[in-house]
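So the chains spell out like this:
Number of protein chains: 2
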Amino acid sequence: MKITKPTLLLDKQKCRKNIKQMTEKAKRNDLIFRPHFKTHQSRQIAEWFKEFGVEKITVSSVEMAKYFSNSGWKDITIAFPFNQLEITEINELAEKIDLKILLIHPESVDFLNKNLTQKIGVFIELDCDYHRSGIPIENLEEIDFLISAIVKVKKLKLEGFLTHSGQTYQTKSTSQILQIHQEVKSKMIKLKEKYSSQFPDLKTSIGDTPSCSLADNFSGIDEIRPGNFVFFDVMQYKLGACKAKHIAVSVACPIVSKNEQRKEVVIYGGAVHLSKEFILNEDGTRNFGLIVKLTENGWSEPIEGAYVSSLSQEHGIAKVSKENYNDFKIGDVVGILPIHSCLTANLMGKYITLEGEEIHHM
Amino acid sequence: MKITKPTLLLDKQKCRKNIKQMTEKAKRNDLIFRPHFKTHQSRQIAEWFKEFGVEKITVSSVEMAKYFSNSGWKDITIAFPFNQLEITEINELAEKIDLKILLIHPESVDFLNKNLTQKIGVFIELDCDYHRSGIPIENLEEIDFLISAIVKVKKLKLEGFLTHSGQTYQTKSTSQILQIHQEVKSKMIKLKEKYSSQFPDLKTSIGDTPSCSLADNFSGIDEIRPGNFVFFDVMQYKLGACKAKHIAVSVACPIVSKNEQRKEVVIYGGAVHLSKEFILNEDGTRNFGLIVKLTENGWSEPIEGAYVSSLSQEHGIAKVSKENYNDFKIGDVVGILPIHSCLTANLMGKYITLEGEEIHHM
Chain P
-1 MKITKPTLLL
9 DKQKCRKNIK
19 QMTEKAKRND
29 LIFRPHFKTH
39 QSRQIAEWFK
49 EFGVEKITVS
59 SVEMAKYFSN
69 SGWKDITIAF
79 PFNQLEITEI
89 NELAEKIDLK
99 ILLIHPESVD
109 FLNKNLTQKI
119 GVFIELDCDY
129 HRSGIPIENL
139 EEIDFLISAI
149 VKVKKLKLEG
159 FLTHSGQTYQ
169 TKSTSQILQI
179 HQEVKSKMIK
189 LKEKYSSQFP
199 DLKTSIGDTP
209 SCSLADNFSG
219 IDEIRPGNFV
229 FFDVMQYKLG
239 ACKAKHIAVS
249 VACPIVSKNE
259 QRKEVVIYGG
269 AVHLSKEFIL
279 NEDGTRNFGL
289 IVKLTENGWS
299 EPIEGAYVSS
309 LSQEHGIAKV
319 SKENYNDFKI
329 GDVVGILPIH
339 SCLTANLMGK
349 YITLEGEEIH
359 HM
Chain W
-1 MKITKPTLLL
9 DKQKCRKNIK
19 QMTEKAKRND
29 LIFRPHFKTH
39 QSRQIAEWFK
49 EFGVEKITVS
59 SVEMAKYFSN
69 SGWKDITIAF
79 PFNQLEITEI
89 NELAEKIDLK
99 ILLIHPESVD
109 FLNKNLTQKI
119 GVFIELDCDY
129 HRSGIPIENL
139 EEIDFLISAI
149 VKVKKLKLEG
159 FLTHSGQTYQ
169 TKSTSQILQI
179 HQEVKSKMIK
189 LKEKYSSQFP
199 DLKTSIGDTP
209 SCSLADNFSG
219 IDEIRPGNFV
229 FFDVMQYKLG
239 ACKAKHIAVS
249 VACPIVSKNE
259 QRKEVVIYGG
269 AVHLSKEFIL
279 NEDGTRNFGL
289 IVKLTENGWS
299 EPIEGAYVSS
309 LSQEHGIAKV
319 SKENYNDFKI
329 GDVVGILPIH
339 SCLTANLMGK
349 YITLEGEEIH
359 HM
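Each protein sequence line maps, in turn, to chains P and W.
According to my numbering, the first sequence is numbered sequentially starting from -1.
According to my numbering, the second sequence is numbered sequentially starting from -1.
Identical copies look the same in the list; a pair holds intra-copy or inter-copy alike.
Within a straight-line C-alpha distance of at most 30 Å, the following computed DSBU-like cross-link-like pairs (lysine-lysine) qualify: (1) Lys188 <-> Lys261; (2) Lys190 <-> Lys261; (3) Lys155 <-> Lys327; (4) Lys317 <-> Lys170; (5) Lys54 <-> Lys64; (6) Lys155 <-> Lys3; (7) Lys94 <-> Lys0; (8) Lys185 <-> Lys261; (9) Lys348 <-> Lys3; (10) Lys64 <-> Lys348; (11) Lys112 <-> Lys327.
The set of hints was computed from the structure by calculation and includes no laboratory data.
This structure is a prediction, so every number in the text was calculated from the model and none was measured.
Throw the hints in and build the complete structure from the sequences for me.
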């Protein structure tokens, strides 16, 4: 395959292995596995999940639900606060598939009561200290009130409680991630128990990739919804949720210039390819991606001391070590492991496997 | 127009006024106006430039040069370090249009000598302290060497010296921007003068929107290449390069949730719509966009004390003031002025004018 400009490479073997491992973990723990498809947004990669027996999925928008519904997926949770402006599309989807949405506010229940034409499932979104959206899990009054509103509407089927513990992304150690997992799990179980006599079938659903990758104990939880594990990325690697060798995507970028004094390599690969997501290096500088050597069969481990230090629209600046500087040659192509693979895949718009096959992105 | 999900609104009147003002400034200062089209990437918006007499343009990739060449543009500078891997596409383009590229390294000249099939123009890219790419302007030895290599190759026409002073984006006041402009101008003029007896036709080309918007004195400069001014954005506003009322794009985002305790509004509009570009507020917190009220004829000035404080893939969290909190209602649509309009337009993929017309994006 001849690479002439930024190209999103997908290592299909690594990706399938990531899918296999999470699927097996879910099975081992007797969990409903409802992977989040917002990371790959690809009907072809979705098929690989199907091969491992996955039938239920999570998406982050109505548009994505439509895309996967059109590819034959029949059981979809839109893990995003219900957007009443999309009621027409939601009704259309609910006619065709087993659709589930998230509710937080009683006024949404009123709206659905008036405007829903189909029966749909609803999860109550809870906030377990991430503070993005959802009812604070301690606020039993609001939860009670919402449940009583939901059960009055015949077209709404109360599925259970759902939370996303995105605060695991702000941790500094795997033990902190496991501690958050433990706390969130306890709170969710306690809530489920509170309603168990009245609603014995309510499910608890949790989601973030760091917890789902690192934790081994899910007892009391019914469903997991990780997404990013399908590719992983530098953020997950730095969090300890994966090893560098598990990262299944890299952006192949031509080297177009160099600066010996600053030990910098200029790549064709910028914010419109990688996204401006960064992590902080230990010295406080920004890191927009790790650098790997492209090989016959994929790519190497990250090159010691090399990282993308800044991004313009199309330019990337890679800092490299004195020892490695001369290995980078104008006209060569290097690989960049993305900080956040969901955003990179969304920007790149398609994948090329190591075998040269083009894989669709929504 | 019924908005149900994140939608990139374009105020055509503001946009045309921005184009008109920069065109007139270029004329007043007897400058070649070669606007950078990487901001809008739209053949339709390009036509508005044509109406103001613009014939020469700048782009940031070979792909973009092809796109605009296909729309009839005949004089294009690719303001990005020459990428030898795209030589086939460059030869194809040079067959059809007056193409100019940037050179930094003598090995690129060797490569072009062997592989170029068409005559093309070349600018030497100089680094005037931005430290992204280009030969440091003080390094006369390297500049001399590159010029002597270029003039030996018949298919290369030496056009002049080009620089991008992106360091204006790191300033804290308009006086700092004007000082950088003055320094860069002086250095470029001095360099041009050094070569004027040998090469009397060499041009000096500068580019950044902050300098081009704020400066009034361009004497000694031949060409300007600003791009972002076509829309402007919050970054330009904060730099003082425009007023808020000049920002010609906003992302219309549905409100999907609220949190009274934190005075936060959750919008459908995330990193895949706005990009993760941010500026820092005075208190050091991140700001991913300012919030405006959508009106019959466009949008309001930014709402006092309201800004996007964090972004997930599809969620945006807006912090609002205690006084304004109740004005934000679930099911309403608010406008977000983007931090960096180039990246937002690239993500959104198309524009809708206030009149409801759909405008293409590459």
